[in-house]
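Novice: Below, each chain spelled out in residue letters.
2 protein chains.
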Amino acid sequence: MDRVADYRRYIQDFLTNLSQAKMLGADKADEFETQVIFDMKNDHYQLLHLGWKEQTRTFGVSIHIDIKNGKVWIQRNSTDIDVAHELVEKGIPKSDIVLGLQSPSMRKYTEFAVI
Amino acid sequence: MDRVADYRRYIQDFLTNLSQAKMLGADKADEFETQVIFDMKNDHYQLLHLGWKEQTRTFGVSIHIDIKNGKVWIQRNSTDIDVAHELVEKGIPKSDIVLGLQSPSMRKYTEFAVI
Numbered sequence: 001m002d003r004v005a006d007y008r009r010y011i012q013d014f015l016t017n018l019s020q021a022k023m024l025g026a027d028k029a030d031e032f033e034t035q036v037i038f039d040m041k042n043d044h045y046q047l048l049h050l051g052w053k054e055q056t057r058t059f060g061v062s063i064h065i066d067i068k069n070g071k072v073w074i075q076r077n078s079t080d081i082d083v084a085h086e087l088v089e090k091g092i093p094k095s096d097i098v099l100g101l102q103s104p105s106m107r108k109y110t111e112f113a114v115i
Numbered sequence: 001m002d003r004v005a006d007y008r009r010y011i012q013d014f015l016t017n018l019s020q021a022k023m024l025g026a027d028k029a030d031e032f033e034t035q036v037i038f039d040m041k042n043d044h045y046q047l048l049h050l051g052w053k054e055q056t057r058t059f060g061v062s063i064h065i066d067i068k069n070g071k072v073w074i075q076r077n078s079t080d081i082d083v084a085h086e087l088v089e090k091g092i093p094k095s096d097i098v099l100g101l102q103s104p105s106m107r108k109y110t111e112f113a114v115i
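Top line first, the protein sequences correspond to chains X and V.
End of the first sequence sits at 115 in this note's numbering; the numbers just go up one at a time, nothing left out.
End of the second sequence sits at 115 in this note's numbering; the numbers just go up one at a time, nothing left out.
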């Protein structure tokens, strides 16, 4: 269980740092609200951008990560950041990372866990 | 503060009930995972659907609600449910609900709070 507690901390640190880095660029950062959403009970972790610029709405999940059965599932990544690589750098082994954003039939061709 | 504690409970009950109602239809419900995401610390509440069907990915925020400064912000609703009406029925006054999914310039024409 300590291992999973570490994973929770790594994921939260990773998303918090990204939210503070104003990844949309300094000029756009003022127009949007960046939210980090951490549900520790259900193990869902998200980075979200939303806002209005005149009549145009922005609402999008940039990164979504779950922990299921002790494994870290990358479910969504609309950024150009290599999320799996970043999590491996933090100390999560590839065998405990599932690329949920790859189809189940393709996952076996990756270095990561299939399920 | 009791008022906001009530709002938190209403929102969580509302999203939990929806997640259990298999709103996507019984035939589709098996193909998708429904997540309720509750971040009580940052006051973000979300209903999300995700899954794979063969090579097709589904990932979408169905409903997203925030509480900011004691007001309930409906930020996203891709369902056909009248979320504001449901929250009013639960006991949240219109003056404490902001339709974040309406542009700021349009909100003054609604019966709800502007900010």
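Honestly, the hints are just simulated from the structure, not real lab data.
Hints may contain errors.
Repeated chains share a single entry, so a pair holds when one copy, or any two copies, can fit it.
Unchecked claim - For lysine-lysine, the following DSSO-like pairs were computed, each having C-alpha atoms within a straight-line distance of at most 30 angstroms:
1. 68 x 53
2. 71 x 108
3. 53 x 94
4. 41 x 53
5. 108 x 53
Everything numeric in this text was worked out from a predicted model, so none of it was measured.
Novice: Work down the list of hints and note, for each, if the structure agrees.
Specialist: Hint by hint, here is what the structure shows:
| no. | hint | in the structure |
| --- | --- | --- |
| 1 | 68 x 53 | between (37 angstroms within a copy, 20 angstroms between copies) |
| 2 | 71 x 108 | within (16 angstroms within a copy, 47 angstroms between copies) |
| 3 | 53 x 94 | between (40 angstroms within a copy, 25 angstroms between copies) |
| 4 | 41 x 53 | between (34 angstroms within a copy, 27 angstroms between copies) |
| 5 | 108 x 53 | between (42 angstroms within a copy, 17 angstroms between copies) |
Comparing the model with each earlier hint shows no violations; every hint is respected.
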